[in-house]
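Engineer: Could you put the whole structure together from the sequences, leaning on the hints where they help?
Just so you know, the protein sequences line up as chains A and B, in that order.
With the first sequence counted from 1, adding 178 to any position gets you this note's numbering.
With the second sequence counted from 1, adding 51 to any position gets you this note's numbering.
Source of the hints: derived by calculation from the structure; they are not laboratory data.
Careful, some of the hints might be misleading.
Straight line, CA to CA, 35 Å or less: simulated DSBU-like cross-link-like pairs of lysine-lysine [said to hold, decoys possible]:
1) B/K217 - B/K106
2) B/K106 - B/K180
3) A/K294 - A/K206
4) A/K294 - B/K216
5) A/K206 - B/K180
6) B/K216 - A/K509
7) A/K294 - A/K345
8) A/K294 - B/K217
9) B/K217 - A/K509
10) B/K180 - B/K216
11) B/K180 - B/K217
12) B/K217 - A/K206
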Amino acid sequence: MDLLRFATAGSVDDGKSTLIGRLLYDSKSIFSDQLEGVERTSREMGSEYTELSLLTDGLRAEREQGITIDVAYRYFATPSRKFIIADTPGHLQYTRNMVTGASTADLAIVLVDARKGLVEQSRRHAFLVSLLQVPHLVLAVNKMDLVGYSRQVYEDIRREFTEFAAKLQIADLTVIPVSALHGDNVVDRSQNMPWYEGSSLLNHLENVYIASDRNLVDGRFPVQYVIRPHTSEHHDYRGYAGKIAGGVMRTGDEVIVLPSGLPSRIASIETADGPVAEAFAPMSVTVRLEDDIDISRGDMICRPHNQPSVSQDIDAMVAWMSEEPLRPGQKLALKHTTRNTRALVQSVQYELNVNTLHRDESAPELALNAIGRVRLRTTTPLLTDEYRRNRETGGFVLIDENTHCTVGAGMII
Amino acid sequence: MSDVTDSPRRILSQLELLESEAIYILREVVAEIEHPAMMFSGGKDSIVMLHLAAKAFAPARIPFPMLHIDTGHNFPEVLELRDRLVARYGVNLVVGSVQDAIDRGIVREEPNGSRNRIQTPVLLETAEKNGITALLGGARRDEEKARAKERIFSFRDEFGQWDPKKQRPELWNLFNAKVHLGESIRVFPLSNWTELDIWEYIAAEGIEVPSIYYAHQREVFERNGMLFAANELCRPTAQEPTFLESVRYRTVGDATLTAAVRSHADTVERVLAEVASSRITERGATRGDDRVSEAAMEDRKKEGYF
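Structural biologist: Structural data, given as structure tokens:
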């Protein structure tokens, strides 16, 4: 069984929690004690329906105020796949939460209300999905029951969204008309929309092909930890532990270690279950080299003829997530793969208006939830690829050196 | 590394992906944090985590101690396996005793006799006394609604408290382990595992878990719709008749609070089949402590509970 991670995004009242509740409920992933709790609370709130949204609202403040505070992770499985949902709230801190949820997602579902059509937030969500390079996007046109299951309404939204998506780098777009409240096209094909010939949402989630989304071409092995047992049995043992960030590695491959540039050859690839002939992303393995060279955490093992950029000058799209704005001259801690360093903000080149995609080159700084192109200078070189080529070696986080909070997400251009 | 587009389908199963992620997290903790320790309750999740730690650092030993908060309300089968695992993996074991803390007047026994809530100050004190700045825990996000919103690297203030509104964004696999003196991090390598994943992994890897997870005959009585073992820690009242039943435990916690479920699943395969078809969550079925209110777990976490 394989695994699909997906993120969900929608504006307030688009019915996102209801949709997730419906997916869990109709795929029989809800437990009876959870359902009883939700039914009880729905009655207390005086609701006509069982409020499936209560299944996902976890914290007391959320239940009391009927809002979602933070990214929540949900799990369910069908006979063919296991799913991890990153449920991201649509209003408060939406950029920060959506960027977080989308960063590890294979697929994103953006919801729109069929009565309202595309709103500013739908475009914003689609843009963030493309910025984070989520490989697959589903636009779920919800509340079809409230527009009489009208084909025309669906077609208009689909056309408008497809035109907008064409301006973004969205590789795979699917548009599905649904009613989360009544379950139309969520798990089973709806009888109410015979004109829709595509898959139900769950059917699409079960079958979307994700195996080729990883980069299996550029070999990238960031060294995470050096294993040296210091025991008589393994006296001279030295293994480089890490998770493969790209490509395929094989015993006997010629490699080069960056940033030193020293060449060697893979002597063995080991796991606790024994050596393997080859390993690929995203396996966690231990690599041993034929030559005894000085390698430490933050170094990268790659191929002599396919190397990442080695640079201290970093151009990146940055999503800013702190109340205190990002300003030129600011110093921040930076974490990229397994490398920790410091960065100086050289300049903000422009702020991107995520609704119009207009570039504001006069923006002096990036405020909370703003996204813009930023130039950084790091104290040590980073070993990078373009984010769109490899999310693992192209993404970094910025950390405030005083508060230690994570304040920015960077995607290298 | 080879350019291969010829290639077999290089796809990892969900268990392989979860294992790889957990190993990566465990290594990240040791690489970034000076004095981590692993919470060990003797339950299946902490045993799986221990197994993963052994894999992450092989052939070297696990480079951190295990920390067990001993409520004194233990299942003997669990303590026995704990001691064997400590010997097998060659790890250090640090024990914080709730009984000892009660005797010293640090905490006071609760009226219902449960030591679940009062183990939190003992945990915080034991960690502080041993200079531990990060605690690895076996909690999973599918267990409970408050856990579903917690980060893998979960920041705690100088009082060990969790503030759900001030969590650090967690992007890609880039974990922020930075803390100031006095603050700490809780790390949950099994965040993305479900109860079923844990059992599938136990079956696939042949991991030994305490015998009470498998069906056995036990003298029990019914209280609040749950089955409790009748023994010196948990005495039935005159209105609670005891009877012999085939039961197993789905979770292992304070023995006075942890209920058994009726079951004939006496092998790992049968447990797997039972978990796959269960319609009740493991905590809902077996944990008196989570039944107090809708927000029971959230409240305990804010105080520093795991």
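Engineer: Below or equal to 35 Å on CA atoms is what counts here, so check B/K217 against A/K509.
Structural biologist: 22 Å, holds
Engineer: Would the hint linking B/K216 and A/K509 be met if the CA-CA limit is 35 Å?
Structural biologist: 26 Å, holds
Engineer: Straight-line Cα separation of B/K180 and B/K216 no greater than 35 Å?
Structural biologist: This hinted pair holds, its Cα atoms lying about 29 Å apart.
Engineer: B/K217 and B/K106 were given as a pair; does the straight-line alpha-carbon distance stay at or below 35 Å?
Structural biologist: With Cα atoms ~33 Å apart, B/K217 and B/K106 stay inside 35 Å; holds.
Engineer: Does B/K180 pair with B/K217 here, judged by a C-alpha cut-off of 35 Å?
Structural biologist: Holds: B/K180 and B/K217 sit about 27 Å apart, inside 35 Å.
Engineer: When you check the alpha-carbon spacing of A/K206 and B/K180, does it fall within 35 Å?
Structural biologist: 47 Å, violated
Engineer: Assess, step by step, whether the Cα of A/K294 is no farther than 35 Å from the Cα of A/K206, and give holds or violated.
Structural biologist: Holds. A/K294 to A/K206 sits at ~31 Å (cutoff 35 Å).
Engineer: A/K294 and A/K345 were given as a pair; does the straight-line alpha-carbon distance stay at or below 35 Å?
Structural biologist: 22 Å, holds
Engineer: Would the hint linking B/K217 and A/K206 be met if the CA-CA limit is 35 Å?
Structural biologist: With a Cα-Cα distance of about 33 Å, the restraint between B/K217 and A/K206 holds, given a limit of 35 Å.
Engineer: Hint check: A/K294 vs B/K217, CA-CA at most 35 Å. Holds or violated?
Structural biologist: Holds, at roughly 33 Å.
Engineer: Has the given pair, B/K106 with B/K180, been kept, meaning a C-alpha gap of at most 35 Å?
Structural biologist: The given pair, whose Cα atoms are some 29 Å apart, holds under the 35 Å limit.
Engineer: Are the Cα atoms of A/K294 and B/K216 separated by 35 Å or less?
Structural biologist: Satisfied, since the Cα-Cα distance of roughly 31 Å is no more than 35 Å.
Hint 5 from the list above is the single one not met by this structure.
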